[in-house]
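**Student:** Residue-level listing of the chains:
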Amino acid sequence: MTFTRETDHGTPPALAAGKPVTLTIDGQSIALPEGTSIMRAASLMGGSIPKLCATDNVASFGSCRLCLVEVEGRNGYPASCTTPIAEGMVVHTQTERLQKLRRGVMELYISDHPLDCLTCGANGDCELQDQAGAVGLRDVRYGYDGATNMGQAKDQSNPYFDFDPSKCIVCSRCVRACDEVQGTFALTIEGNGFSSKVSVGSNNDFISSDCVSCGACVQACPTAALIEKKVVEIGKPDRAVVTTCAYCGVGCTFRAEMRGEQLVRMVPWKDGKANHGHSCVKGRFAWGYAQHQDRILNPMIRASVDAPWREVSWDEAIAYTASEFRRIQAKYGVRSVGGITSSRCTNEETFLVQKLVRQGFGNNNVDTCARVCHSPTGYGLKTTFGTSAGTQDFDSVAQTDVILVIGANPTDAHPVFGSRMKQRLREGAKLIVVDPRRIDLVRSPHVVAEHHLALRPGTNVAVLTAMAHVVVTEGLANEAYIRARCDWDEYQDWAAFVSQAGRSPEAIEPLTGVLAADVRGAARLYATGGKAAIYYGLGVTEHSQGSSTVMAIANLAMATGNVGVEGVGVNPLRGQNNVQGACDMGSFPHEFSGYRHVSDGATRKLFEDAWGVPLDSEPGLRIPNMLDAATDGVFKGIFIQGEDILQSDPNTHHVAAGLAAMECVVVQDLFLNETANYAHVFLPGSTFLEKDGTFTNAERRIQRVRKVMAPINGHADWEIVQLVANAMGLGWNYTHPSEIMDEIAALTPTFAGVNYDALDTHGSLQWPVNAAAPEGTPTMHIDGFVRGKGKFVVTDYVPTDEKTGPRFPLLLTTGRILSHYNVGAQTRRTENVAWHPEDRLEIHPSDAENRGIKHGDWLSLRSRAGETSLRALVTDRVAPGVVYTTFHHHTQANVITTDYSDWATNCPEYKVTAVQVALSNGPSDWQEEYADQARRSRRIDVEAAE
Amino acid sequence: MTRVFISRDMASVALGADALAQAFAQAGCDVVRTGSRGLFSIEPLVEVESAGERIGYGPVGVGDVENVLDGTHPNRLGNVAALPFFASQQRFTFARCGITDPLSLDDYAAHGGWAGLNAARAMTPQQVVDAVKMSGLRGRGGAGFPTGIKWQTVLDAQADEKFIVCNADEGDSGTFADRMLMEGDPYCLIEGMAIAAHAAGAGHGYIYIRSEYPFAVDIMRAAIVKAAHIIAPFTLEVRAGAGAYVCGEETALLDSIEGKRGQVRAKPPLPAIEGLFGKPTVINNVLSLAAVPFIMAQGGEAYAAVGFGRSRGTMPVQLAGNIKNGGLYEIGFGITLGELVNDIGGGTASGRPVRAVQVGGPLGAYFPPHMFHVPFDYEAFAQVGGLIGHAGVTVFDDTVDMAHMARFAMEFCAVESCGKCTPCRIGSVRGVEVIDKLMAARAPLAAAVPDALPGRLAATLYSRAPDRIDTSAKAQHDLLRDLCDTMKFGSLCALGGFTPYPVLSALEHFPEDFGAPPTSMPEAAE
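Those sequence lines, one after another, are chains A and B.
First residue of the first sequence? That's 14 in this note's numbering, and the numbers climb one at a time after it.
First residue of the second sequence? That's 87 in this note's numbering, and the numbers climb one at a time after it.
These are calculated hints, taken from the structure and not from any lab test.
Idealized CB from N, CA, C, for every residue including glycine.
Mixed in with the good hints there might be a few duds.
Covered by chain A, according to a simulated footprint, are these stretches of chain B (three or more residues, beta-carbon under 8 angstroms) [stated by the list, open to error]:
hint : stretch
1    : 119–133
2    : 501–507
3    : 516–524
4    : 556–567
Label-pair restraints from in silico Cβ distances [unchecked claim]:
hint : chain 1 : residue 1 : chain 2 : residue 2 : range
5    : A       : H775      : B       : A245      : 36 to 46 angstroms
6    : A       : E274      : B       : G329      : 40 to 50 angstroms
7    : A       : H459      : B       : F458      : 46 to 56 angstroms
8    : B       : E323      : A       : L524      : 43 to 53 angstroms
9    : B       : A435      : A       : Q112      : 41 to 51 angstroms
10   : B       : E465      : A       : R151      : 38 to 48 angstroms
11   : B       : D304      : A       : E19       : 24 to 34 angstroms
12   : B       : V460      : A       : D143      : 44 to 54 angstroms
13   : B       : V460      : A       : K113      : 24 to 34 angstroms
14   : A       : K113      : B       : V501      : 21 to 31 angstroms
15   : A       : H459      : B       : V460      : 44 to 54 angstroms
16   : B       : A245      : A       : G31       : 17 to 27 angstroms
17   : A       : D129      : B       : E323      : 50 to 60 angstroms
18   : B       : D304      : A       : F198      : 33 to 43 angstroms
Working from the sequences, and respecting the hints, build out all of it.
**Tutor:** Put into structure tokens, the structure is as follows:
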């Protein structure tokens with residue numbers, strides 16, 4: 014594949030609904046929707062009108078004046094980017110007159126531009142260079158002695174890109190991309206006339222500005238004014254491969270632009286249906302971990318976790334792994350081992366791990382990290398709607414009138430979708446935020462929430478039920494919808510329940526801390542403001558009532574008729590790149606792929622026939638149960654692919670004890686993670702750049718992951734699992750992940766129509782993909798709920814057992830920050846640490862003052878479960894009584910979190926922990942001991958390897 | 087008590103009217119502060135009321151109070167309105183200016199005020215728009231777009247909210263009609279805007295006044311408060327500019343009101359469809375809106391009855407620069423440039439021969455006396471490479487250096503450019519530089535072309551190597567013309583687009599100021 018830039022039609026498409034208009038451009042006739050620009054029309058016909066300030070992901074601007082055209086019957090030379098097509102219009106885009114005008118404009122540009130093309134980072138990939146060629150500029154007659162903007166200092170403060178104002182042509186594309194695409198409004202044009210220049214607001218440089226480093230400006234820049242440092246360092250890419258980002262559940266597709274085997278840059282793909290050409294700092298720039306020196310490239314084993322690692326051959330590692338599992342099963346029983354699939358790995362790899370457990374281990378002891386994030390989503394939505402997934406695609410938000418965000422922080426955790434949401438909000442949609450913390454969406458440039466219900470952590474169900482109370486008692490329920498699509502009797506029971514006086518906003522106010530008027534206002538807006546959509550995250554699920562909260566959300570959506578069309582729905586924002594896929598692939602101990610219970614004989618027979626072994630009809634152990642069983646001495650071996658349970662699961666001490674009690678812990682990962690401190694076998698994993706496969710994002714969209722370079726560890730993850738399986742005698746013979754997908758499709762009705770050819774043809778597919786929906790299903794439940802009648806479930810508010818008291822008076826809640834991802838294994842190994850070098854504890858000024866805490870002080874953070882320490886960030890983003898931290902660094906916030914979990918799914922209650930905060934001198938004793946132990950545990954015996 | 091009338095207009099105050107008013111008040115007179123009559127050679131002017139008549143004296147100073155009051159002052163003008171400068175005018179728009187107390191609602195009503203609004207409110211919006219169409223009124227800000235058609239577009243646009251915006255960002259040097267009207271007859275503008283609001287279906291209006299007009303800002307604000315009950319439910323507010331000339335461009339003005347950086351928007355969409363805050367907006371110049379009360383009160387036909395060709399009604403011409411009778415002269419279209427400059431204006435103030443007249447502000451073309459036969463008319467001016475603009479007429483005598491004036495045009499554009507479009511942003515700066523080279527070349531001692539990149543490498547570097555630049559006067563002439571072509575046809579708005587008018591007209595009519603004709607030009611640069 015050779016390197017070509019993506020086609021840029023200059024201006025965004027008109028609404029497809031516009032009536033067709035026929036015009037003639039350079040003698041050729043074309044019909045396009047009303048509202049299309051002449052520039053886009055010419056481009057779609059294969060022509061090219063010179064342009065510099067126009068690019069098709071921002072509105073036309075009309076400043077460069079290169080795209081002038083002649084329109085018969087009109088005076089002057091209209092700019093083709095800002096002039097819409099009209100019926101019967103006759104346009105000439107290439108005349109001598111236009112050539113002269115364009116050359117005149119270009120002569121002016123070049124009179125203020127350095128002519129160091131041969132040594133410029135953008136050489137060969139510069140629109141200014143291309144257009145100068147296109148208009149045939151041969152001389153710049155103004156000479157060299159005039160005024161100039163050249164010679165200004167570069168801003169190299171951003172770790173990923175440089176800003177060189179000398180090369181800026183003031184087209185404003187960066188400013189407009191920041192405003193219109195990203196919605197951050199960090200850039201502006203300062204000064205006027207000849208001294209106009211791009212400025213990062215009142216700050217001096219990019220790194221200290223509001224810039225979120227999403228890369229939209231760099232992508233928009235037509236010259237080398239904004240350019241990736243990697244391009245400057247390596248040079249122009251020579252090929253590009255479209256693949257899918259391995260960070261969050263948005264599932265952005267990127268062009269991995271390569272020079273040989275070297276990755277030069279990741280550029281968001283305009284045809285990507287989840288991201289439409291946008292990106293965030295993680296996917297765009299934070300891929301350096303893939304080549305980080307910490308990556309382990311050779312398999313290692315050790316007899317005991319106190320011993321140093323010994324590097325071994327793949328054969329030895331695989332043989333040892335297989336023999337250990339067989340040994341343990343022989344000694345402690347079939348159910349004494351299990352596995353954990355990874356939401357970071359591909360569908361195909363996940364499927365293989367659960368197959369290894371079910372077919373090879375002969376039990377159902379398989380679980381996945383969704384246990385600790387969205388398992389309540391699976392339970393709640395399956396119960397109410399019949400499907401364990403969100404109801405919409407991301408594009409749906411463009412039709413939404415009211416956006417209700419609960420327990421999610423899209424601009425940090427799902428930034429590309431956050432930007433889409435903000436676009437819609439700037440267009441006039443209304444916003445309700447339910448979150449204990451004042452997240453950025455509550456008030457950011459040109460976006461302000463109508464209602465921010467800053468509830469006390471742990472009271473989601475009370476607030477949502479109170480909203481339902483308002484909907485029902487004020488007659489705002491959509492009775493026709495409910496009668497047609499839901500079970501009417503169940504609705505009536507539910508309506509009677511929510512109507513009780515004790516559920517009213519006024520009654521719950523003392524409990525939740527939210528003013529009744531706000532709850533009423535939010536409920537009325539949600540019920541009557543037009544198409545209303547709910548987006549939620551782990552602030553909903555990671556509670557003792559996580560599943561209840563999901564069902565309360567579903568109730569509210571059904572009661573107001575907000576499911577089954579575009580623009581509405583219930584949308585879990587999935588945390589990880591493939592957490593949806595991992596769940597779909599049968600990673601849970603009670604379900605085969607496609608959410609079919611292991612006790613279902615017909616389904617089991619299907620798999621037994623395919624795999625040639627009898628399968629266990631008893632659900633297996635969930636992760637917390639595996640750990641409990643380990644400490645009880647009955648669970649002895651585990652295969653963990655791409656998950657760091659020691660850092661990410663609650664109550665670190667308990668996890669450590671469980672792992673320590675096992676005889677064989679196999680960790681397959683990129684790095685020696687925290688869990689590996691307790692491992693006996695380490696199998697080096699491969700990155701998403703090094704393998705083929707698919708990820709399924711939060712909108713059920715199955716997208717291809719494509720190998721852009723050979724695995725530097727030697728094997729793709731799916732190959733490693735196959736090696737283990739075959740060492741256990743399972744006789745697998747997959748030669749490519751597409752064959753695994755074919756098996757998934759054959760065994761899973763919702764994936765029946767999925768194969769790599771179809772994915773290549775359509776770009777991506779949203780399950781269900783089957784005979785009824787061969788091109789996939791963007792919106793679910795259109796003609797009726799998947800389960801038949803929508804089910805209203807009574808959701809009684811039960812306060813969590815985790816309660817504040819004199820010893821632990823504050824409530825700790827946790828979340829993510831933009832620049833980092835989950836436990837930080839990847840992002841801490843990138844330049845993203847420039848923005849967030851450590852976790853901090855957000856604490857309200859009044860709570861801080863009571864404890865004598867100042868900004869930046871070291872604090873100890875104690876709960877009933879444990880203690881850690883970190884520094885203070887005093888802010889009124891959190892309410893009094895609430896503290897907040899991220900968990901990206903080695904703070905080990907999960908030392909603090911408790912064993913409490915969701916009543917239905919065991920999803921841990923990360924979001925509510927009663928704590929006390931006090932000044933301290935630095936890292937706690939435990940932290941220092943742990944760091945020591947981790948250092949010891951990571952020793953690699955070099956001699957042994959030789 | 088004797089009643090005297092003294093202007094509170096900024097120009098009159100600059101000439102001493104405040105001190106004069108104080109002096110008359112101290113002498114026991116009842117001083118009425120009016121707007122200015124509009125002839126600056128007689129300012130400061132005092133008019134003394136006696137026997138129902140107003141006898142003018144001007145210019146007078148604070149020491150002249152006694153002589154004025156006893157009627158012996160030598161600058162006694164008699165009935166000012168009868169002076170030829172005034173008697174020959176057709177004051178449709180400025181009928182009250184200089185006569186009434188600007189903030190007196192009684193005065194306004196007594197002089198025919200609100201008749202237009204009352205007439206309009208008795209009609210349907212469409213009837214009002216039709217009357218404005220019939221009047222032939224065209225945009226007095228300079229573009230000359232038919233006002234009625236603009237209003238029709240806004241009337242037809244479907245929206246929950248519409249706006250009326252008055253462009254009072256009168257930035258052209260040598261123009262002052264908007265300021266005089268706002269300071270001298272603010273209710274006239276308010277009435278015009280209220281009529282526009284009725285016609286277009288707008289609820290709120292903005293008057294965007296340049297910050298250099300503090301008197302106008304104060305008077306308009308006071309007038310809006312006093313007239314609120316009359317124009318209700320329509321509401322108005324004043325927004326003061328921040329010193330940017332380009333905010334007189336209508337779309338940049340809208341951005342400025344919205345709180346953004348004043349930068350020109352590409353059209354379409356037209357402001358009439360998507361204007362202020364994205365809503366349909368009537369945006370008109372002060373003079374366009376202030377012409378409307380007359381049209382509604384007297385009928386579109388009465389307004390259209392005067393004029394020339396497709397330019398109907400009157401134009402408040404502003405005579406400025408080196409001219410004897412500087413001031414405001416409202417007259418029907420069709421008067422020739424020569425009549426304005428020589429007959430009305432009385433030639434130059436310096437007494438030297440007129441050499442050039444710039445019409446239409448700093449971006450208007452220069453006319454030599456041999457073109458004085460051209461009638462004041464949008465089309466006639468366009469035909470000879472000029473424009474009427476906001477009807478500023480600036481006179482220069484034979485000491486003017488027209489190359490310098492051409493340079494000034496480019497410099498003005500460079501200083502005032504918003505920086506959005508390339509021809510204006512870079513072209514204006516290059517224009518100054520090219521004219522500098524031409525001016526240097528015509529001087530006895532030609533400046534050496536600086537060697538910006540010394541050394542052998544530099545000389546071979548690409549197209550900008552000094553030895554590849556043709557610095558001959560002919561080449562620079564050609565370059566200047568090419569640059570003007572790029573700016574005129576390539577610029578986004580009239581600032582860059584009209585800057586070539588003064589430059590090209592100076593080149594065309596006064597080539598000698600740019601050095602000898604190119605053909606016989608020595609290679610001055612060498």
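**Student:** Are the hints correct? Go through all of them and say.
**Tutor:** Checked hints:
1. Evaluation of the coverage hint for the stretch 119–133 of chain B: breached, as 0 residues show C-beta separations to chain A shorter than 8 angstroms, against a requirement of three.
2. Given as covered by chain A, the stretch 501–507 of chain B passes the check, having 7 residues with a CB less than 8 angstroms from a CB of that chain where 3 are the minimum.
3. Counting residues of the stretch 516–524 of chain B whose CB falls under 8 angstroms from any CB of chain A gives 3; the rule of at least 3 is met.
4. Only residues whose C-beta sits within less than 8 angstroms of a C-beta in chain A count toward coverage, and the stretch 556–567 of chain B has 4 of them, enough to reach three; the restraint holds.
5. Checked against the hint of 36 to 46 angstroms, the pair H775/A and A245/B passes, with Cβ atoms roughly 40 angstroms apart.
6. Taking the beta carbon of each, E274/A and G329/B are about 57 angstroms apart, not inside 40 to 50 angstroms as hinted.
7. With their beta carbons about 55 angstroms apart, H459/A and F458/B fall inside the hinted range of 46 to 56 angstroms.
8. The given range of 43 to 53 angstroms is respected by E323/B and L524/A, whose C-beta atoms sit roughly 47 angstroms from each other.
9. The hinted window of 41 to 51 angstroms between A435/B and Q112/A holds, with their beta carbons roughly 49 angstroms apart.
10. Our hint of 38 to 48 angstroms for E465/B and R151/A holds, since their Cβ atoms are close to 40 angstroms apart.
11. For D304/B paired with E19/A, a C-beta distance near 56 angstroms fails the hint of 24 to 34 angstroms.
12. Judged by the Cβ atoms, the range 44 to 54 angstroms given for V460/B and D143/A holds: they are separated by roughly 47 angstroms.
13. Between V460/B and K113/A the Cβ separation comes to about 30 angstroms, which falls inside the hinted range of 24 to 34 angstroms.
14. Our hint of 21 to 31 angstroms for K113/A and V501/B holds, since their Cβ atoms are close to 28 angstroms apart.
15. At roughly 50 angstroms, the beta carbons of H459/A and V460/B sit within the given window of 44 to 54 angstroms.
16. Taking 17 to 27 angstroms as the suggested C-beta distance range, the pair A245/B and G31/A conforms, at roughly 19 angstroms.
17. Distance hint check: the CB atoms of D129/A and E323/B are about 52 angstroms apart, consistent with the given range 50 to 60 angstroms.
18. The beta-carbon spacing between D304/B and F198/A, approximately 35 angstroms, falls within the hinted interval of 33 to 43 angstroms.
Hints 1, 6, 11 from the earlier list are contradicted by this structure; the remaining hints agree with it.
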